[in-house]
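*Asks:* These protein sequence lines map, in sequence, to chains L and C.
Sequential numbering of the first sequence, starting at 1, is according to the numbering used here.
Sequential numbering of the second sequence, starting at 267, is according to the numbering used here.
No wet-lab data here; the hints were simulated from the structure.
Errors might be hidden in some of the hints.
Said to hold, decoys possible - From the structure, some residues in chain C lie toward chain L, with a derived Cβ separation under 7 Å:
no.: 1; residue: Thr337
no.: 2; residue: Gly338
no.: 3; residue: Thr341
no.: 4; residue: Val409
Said to hold, decoys possible - Pulled a few chain L residues facing chain C out of the computed Cβ check, cut under 7 Å:
no.: 5; residue: Gly14
no.: 6; residue: Asp96
no.: 7; residue: Arg97
no.: 8; residue: Pro210
Backbone N, C-alpha and C fix where the C-beta goes; we use that ideal spot for every residue, glycine too.
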Amino acid sequence: MLWQLRAGLILLGGAFRATAQYRANIFSNMAAGAAFQTVGLIGLWVILNRFGEVAGWTMSDVALMYGLRLTAHAAWAVPLNQLMEIEHQVREGLIDRYLVRPVNPLVQLLTGRVRLNVFGDLAAGLILLAVAASRADVDWTPARLAFLVLAILGGGMIEGGFQLGLAAISFRTLGTSEMRFTVDTIFNLYGNYPAKIFSVPGQIALSVLPVAFVAYLPTCALLGRDSGLPLPDWAGYAAPGLGLLIATGGYLFWRSQLRNYQGAGS
Amino acid sequence: MPLIEAKDLVKEFRRVRPKTGAFSTVRTLFSRDFEVTRAVDGVGFAVEAGELVGYLGPNGAGKSTTIKMLTGILTPTSGTVEVAGVVPWRQRERNARNIGVVFGQRSQLWWDLPLRDSFRMIGRLYRVAPARYAQNLDRFVEVLGLASFLDTPVRQLSLGQRMRGDLAAAMLYEPPILYLDEPTVGLDVIAKERIREFVAGLNAEQGTTVLLTTHDMDDVERLCRRLVLIDHGRVLYDGPVAPLKEKYAPHRELVVQLASPAEVVVPNADVVRAEEGRVWLSFDPRTTPAASLIAEVSAKYEVTDLSLVEPDLEGVIRRMYLEREG
Chain L
1 MLWQLRAGLI LLGGAFRATA QYRANIFSNM AAGAAFQTVG LIGLWVILNR
51 FGEVAGWTMS DVALMYGLRL TAHAAWAVPL NQLMEIEHQV REGLIDRYLV
101 RPVNPLVQLL TGRVRLNVFG DLAAGLILLA VAASRADVDW TPARLAFLVL
151 AILGGGMIEG GFQLGLAAIS FRTLGTSEMR FTVDTIFNLY GNYPAKIFSV
201 PGQIALSVLP VAFVAYLPTC ALLGRDSGLP LPDWAGYAAP GLGLLIATGG
251 YLFWRSQLRN YQGAGS
Chain C
267 MPLIEAKDLV KEFRRVRPKT GAFSTVRTLF SRDFEVTRAV DGVGFAVEAG
317 ELVGYLGPNG AGKSTTIKML TGILTPTSGT VEVAGVVPWR QRERNARNIG
367 VVFGQRSQLW WDLPLRDSFR MIGRLYRVAP ARYAQNLDRF VEVLGLASFL
417 DTPVRQLSLG QRMRGDLAAA MLYEPPILYL DEPTVGLDVI AKERIREFVA
467 GLNAEQGTTV LLTTHDMDDV ERLCRRLVLI DHGRVLYDGP VAPLKEKYAP
517 HRELVVQLAS PAEVVVPNAD VVRAEEGRVW LSFDPRTTPA ASLIAEVSAK
567 YEVTDLSLVE PDLEGVIRRM YLEREG
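Put together the whole structure using the sequences plus the hints.
*Replies:* Written out as structure tokens, the structure is:
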């Protein structure tokens, strides 16, 4: 495990130096990332300013949840963003070389390139979260802060676990980018609003999927609000555990699918 | 105990059989009708430490698929492989430290990094002690002539330079086993010779066990003492080079240049080709000694020049493949 981390850092160093060869690209990517997040934040600000309150949630409540969700999203997108390369690498047989090196192939895939725009996501999430947390009606005890951190990691693992599992299907040389995009869109669209605003079938779908566990339920737990979902009150506190479970499942599935890798050519 | 041992190795590839006719694309999408191709069909062989074995076969014979199973890239459908006591696809990371891999068609180096940087990363990933690393690098830079492009990004290297870089990268951590998959493909004569010299040196001096696939028979003649020939996923021949030549090419050729064109008729030899006074005679050296044939031809015709042609491996292999097809 420690070795994988060290090897990952060695590889990441190489990826960083490789990226640095294309300087113009770095700056344009960072600018694009920043622009994208700015547009997203302006969109949220407009909605909250216009309505003031959604399903009994005030602007600062929703901002806390949005910040939690954005940070959780960044928590998986920063380490796992290279999953988007998987289809290309499987089809071109580029996975071959990962399999003959003394490092876990997933570590090698994830450290293959540095993508700076995801750090834009992380920065935006953290800033929003910090502002919202200071304004929200929460007494920030060390326990609550610790739970916030766990919730971010858990949310990231819920989304990341799904993304990893879906990416693993690519080893059967199937296209999965559409599926991954769809799942990400579902989490993006429905994860950013209090699940209470949806009808009962929608609420059930979000609990099962489990979009509601990424940010909504942990936020309810922090705010001491009733989630309004057909779930017990402690469900919000279970979210980090669920994240660990889904991430583990995603990784085990990834490992089992790697056996199906067929390479390219004869 | 052999260093590399493969037994009853089978690899099947499954893909959906494409449909034809109306809505063929949609029907293919939902089809459960699979087409199974057996790329490797019961291959078995053992390689002892220190051997240099040529693994040959026509395109699509299953060479690369076998190599990919030996290196741990592919998981076989059935059969077993053990390389230095490790099952490659189960313990990939342990296996990786025992083997060097060079694929002629695909570089193992970091595309956007200078060659030197790729080497440094390999050294760290394989945990080569710094003193040892510096020593090995110096040696490879000298033997493979890497000095002039050590600081050039890999994407800007010529094919010959890149291959030399790949070879050095595969041997920096001194693995006991080296797999070479078409290492000389697309290279010029000088680059080929340089790579052959390097491989021969590794085998002779360090005792590196080498498994080589190639379509270049000069590689084989120059390097290999033993051949494993496969076709349609099965082993056709496994043994030394010389008996193979005797079995498939028992005949020698005598080429004579006549002073003036003439119809050549001599007992115990057949004319296989004739053009502008030059005649190719095929004979069996076991029944007709070359000296007596030369004497006979010289007595009957006015010969200005002559030469004896040994059968080359390429001709032998061609004949084997043809026999197999027919």
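*Asks:* If a hint holds in the structure, say so; if it does not, say that too.
*Replies:* Hint-by-hint comparison with the structure:
1. Thr337: holds (5 Å)
2. Gly338: OK, holds: Gly338(C) within 7 Å of chain L, min 6 Å.
3. Thr341: Result: holds, 5 Å to nearest chain L Cβ.
4. Val409: violated (23 Å)
5. Gly14: holds (5 Å)
6. Asp96: holds (5 Å)
7. Arg97: holds (5 Å)
8. Pro210: violated (30 Å)
Comparing the model with each earlier hint shows violations of hints 4, 8; every other hint is respected.
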